[in-house]
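Peer 1: Sequence:
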Amino acid sequence: MKLLFLFFLGFLFSFAGSITPSLLNMTALKVSLANGKKAAYKYAFAVAIIVVPQIIIAVTLTNFLADNPSILVTLEKIATIIFIFLSYYYYKESRKSKIKIAKINSKKENPFLTGIILSILNMFSIPFYCGVIILLNAYNIFNYSNLDTFIFTISSVLGTFYILFFYGKYAKIIQQKTGKLTKDINLVLSILTGFVALFSILKMFF
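Under the numbering used here, the first residue of the sequence shown is numbered -9, with each subsequent residue one higher.
Just so you know, these hints were derived from the structure itself, not from any lab.
A couple of the hints might just be wrong.
[As the list claims (entries may be wrong)] 25 Å max Cα-Cα, derived BS3-like pairs, lysine-lysine:
no.	residue 1	residue 2
1	LYS28	LYS193
2	LYS193	LYS(-8)
3	LYS162	LYS27
4	LYS193	LYS32
5	LYS32	LYS162
6	LYS193	LYS27
7	LYS193	LYS67
8	LYS28	LYS159
9	LYS67	LYS82
[What the hints assert, rightly or not] Derived Cβ-Cβ restraints for the label pairs, each shown as a range:
no.	residue 1	residue 2	range
10	GLY26	LEU(-7)	34 to 42 Å
11	MET16	LYS(-8)	18 to 26 Å
12	ILE47	LEU(-7)	17 to 25 Å
13	PHE140	LYS82	34 to 42 Å
14	ASN136	PHE189	43 to 51 Å
15	ALA56	ILE107	28 to 36 Å
16	PHE185	ASN100	37 to 45 Å
17	ILE39	ILE71	26 to 34 Å
18	MET194	ASN100	45 to 53 Å
Just so it is clear, CB atoms sit at the ideal spot from N, CA and C, and this is done for glycine as well.
Required output: the full structure, derived from the provided sequences and hints.
Peer 2: Laid out in structure tokens, this is it:
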């Protein structure tokens, strides 16, 4: 049951972490509109592949920190502050008007190579997974075992792939509805990150 819950959370965090407009999912949108859904799926698969080494690095870093409790406590406090700022950021974004999508370039590109390069250059991924792992470890959901690492990696890869798959498959609809969709998603993420921050604060004092 614990492993199933870990799988669900790994999928949920990676899916939600890429759901708001960013370089990766907006590129999936552009690839789909310019070169078709199949090209977008190849791009999504490539991005998801790079998640594997990113999580391995994140697990290694957080495992080291776990052996140094004083550092881990400090990082948990920092993570709480980050979640508070994220909640505020998503709230502000939810109040913005419809976002603009850059003009689609019809030039044919290798979607798989594009996915690999952009995923590698996405420097936010490793800190993001470090934060998620620290949070899950704090609630005894993730314990750095090989099995836990494998389950979390697979679920995160699938979560990343499916959100980009979603952007690629429904690119035309998303292009038309991006404004309302973005506002709704950002408001939900603001509430979720706010709750995470609140629970983290309560955990520190109780």
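Peer 1: Next pair to validate is LYS67 with LYS82; report whether the Cα-Cα distance is within 25 Å.
Peer 2: 23 Å, holds
Peer 1: Quickly compare the C-alpha distance for LYS193 and LYS27 to 25 Å and report which way the hint goes.
Peer 2: 44 Å, violated
Peer 1: LYS162 and LYS27 were given as a pair; does the straight-line alpha-carbon distance stay at or below 25 Å?
Peer 2: 11 Å, holds
Peer 1: For a C-alpha distance cap of 25 Å, please report whether LYS32 and LYS162 respect it.
Peer 2: The hint holds at about 18 Å.
Peer 1: Run the distance test for LYS28 versus LYS193: straight-line Cα separation, threshold 25 Å.
Peer 2: 45 Å, violated
Peer 1: Note whether the CB distance of MET194 and ASN100 lies within 45 to 53 Å or breaks it.
Peer 2: 48 Å, holds
Peer 1: May I ask you to test the hint 18 to 26 Å on the CB atoms belonging to MET16 and LYS(-8)?
Peer 2: 36 Å, violated
Peer 1: Straight-line Cα separation of LYS193 and LYS32 no greater than 25 Å?
Peer 2: Violated - the C-alpha atoms of LYS32 and LYS193 are around 42 Å apart, more than 25 Å.
Peer 1: Can you tell me whether the CB distance of ASN136 to PHE189 sits inside 43 to 51 Å?
Peer 2: For PHE189 against ASN136, whose Cβ atoms are near 28 Å apart, the range 43 to 51 Å is violated.
Peer 1: Does the alpha-carbon distance linking LYS193 and LYS67 stay inside the 25 Å limit?
Peer 2: Judged against 25 Å, a Cα distance of about 11 Å means the pair holds.
Peer 1: Range hint 28 to 36 Å: satisfied by the CB atoms of ALA56 and ILE107?
Peer 2: 32 Å, holds
Peer 1: Is the hinted range of 37 to 45 Å satisfied by the C-beta distance from PHE185 to ASN100?
Peer 2: 41 Å, holds
Hint compliance for this structure: hints 1, 4, 6, 11, 14 are not met, and every other hint is.
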